[in-house]
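In the order they appear, the protein sequences are chains U and C. Just so we're aligned, residue 1 is where the first sequence starts under the numbering used here, counting upward by one. Just so we're aligned, residue 123 is where the second sequence starts under the numbering used here, counting upward by one.
Incorrect hints may appear among the rest.
To give a feel for the contact side, a few chain C residues facing chain U, derived at Cβ under 8 Å [unchecked claim]:
1) Asp-130
2) Val-131
3) Ala-134
4) Lys-135
5) Val-137
6) Leu-138
7) Thr-141
8) Leu-144
9) Ala-147
10) Ala-148
11) Arg-149
12) Asp-151
13) Leu-229
14) Gly-230
15) Ala-231
16) Ala-233
A few chain U positions that, by computed beta-carbon distances, are all more than 12 Å from chain C [as the list claims (entries may be wrong)]:
17) Gly-68
18) Gly-76
19) Gly-78
One side only, chain C facing chain U, incomplete, derived with CB under 7 Å [said to hold, decoys possible]:
20) Arg-145
21) Thr-152
22) Gly-232
Hints are computed from structural coordinates only; laboratory data are not their basis. Ideal Cβ placement from N, Cα and C applies to all residues, glycine included.
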Amino acid sequence: MTPPDASPGDQVQATNASGRDEPHPTSRLDDVVHQKARLGILVVLAEAERADFTYLKSNLGLTDGNLGRHLEVLAGSGLVHVEKGYAGRRPRTWVTITRAGRHALAEEMAAIRELLRRFEGG
Amino acid sequence: MNDTQPDDVAAAKAVLARTEQLRRAARRDTKGLAVPLLVLGVLTLGYAVVSYVELNVIASDLGPGQSRAATDAELQFGQIADTYWGLVGAAGLLVVGLWLAVRSRRLGAGAGAGAWVAGGVGLLLLATVGLPFSPLGVMVGMVGFMAPTAFIGIALLLIAGRRRDRRLAVWTVVFGVVVTLAHLGFFTNRLGDLLRVTGLADSVDVHVVVQADLVVLAVVGLVLIGAAVRDRRAGEGTRRVDEPEVS
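If we strip away everything but chain U, and leave its shape as in the complex, we get:
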């Protein structure tokens, strides 16, 4: 949904009915969070508080490698915390959402709702 010419973080300006410039809602979308799989991971974790690798993989329909890469990106941005452990002799990876992750998710959802509000409000 980011305009093609806009790089992440660009403040896309729009003029509203009163003639005042305000940033386009898409400029508030964070590329790290906005990506479909990563947004899904954050949504699931925000509700479940913590989930293991297998649960996320099956609920989001991702492959091991795909999920692993997305988790690396999210963990690198401090949005989730990954903890590797064992369940008996089998490795088990638990993922929890951080406070920053919750905040980023809330911002993302607010930006999407603002986009819809702007369109439906005319």
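We have chain U already, so just place chain C on it with the hints.
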């Protein structure tokens, strides 16, 4: 000027729909209210039975001028009744915590038992050890006497806050307020008022009227159990609708 494009809007709607679907599935898996409400409902029915025994067996009317000393068993029962929500309530929270811990481990999602175990242990300590050497001790005793569900209610509200579970908070408030009012004789008094206003006070046996609070307690217990069954069925319905997405 509206610079939002239809493609943006369609994509935004699709994102919202998908996130809602994921949220519902995760909530169903990790925040089922069936077991917490079932346990609370059974405990409330148990409290109705305890209150019935206290009102109709231990404190029954012996007749004009009659009296007798309480037996040891009756005194022990009275002590259990006084600490019912502290002891049995704490056990209930621990049972829910244990169930959630097993479920979270098996399913691979959910916060586990931490909040429930902390609430149960806190309640148990308050009921057994209390705060005997603290000025707060008297206040705790008074609050427990006036509103026996106050502490389990606070524990459940803290758990609901920790789990970000609005539905649990709402049920806790309903449970806490109604059980406390029943404990204080509110429903018996209101039924008495109603009978007086309608002129039926003399035609209804007082012994029947004073059972109103017990009936309300039993109804609350059954409503909680009914809500638990409904939540379980709703969860099964969602499970059938929300099929995992394949990409």
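Q) What are the numbers of the hints the structure violates, in ascending order? A) none
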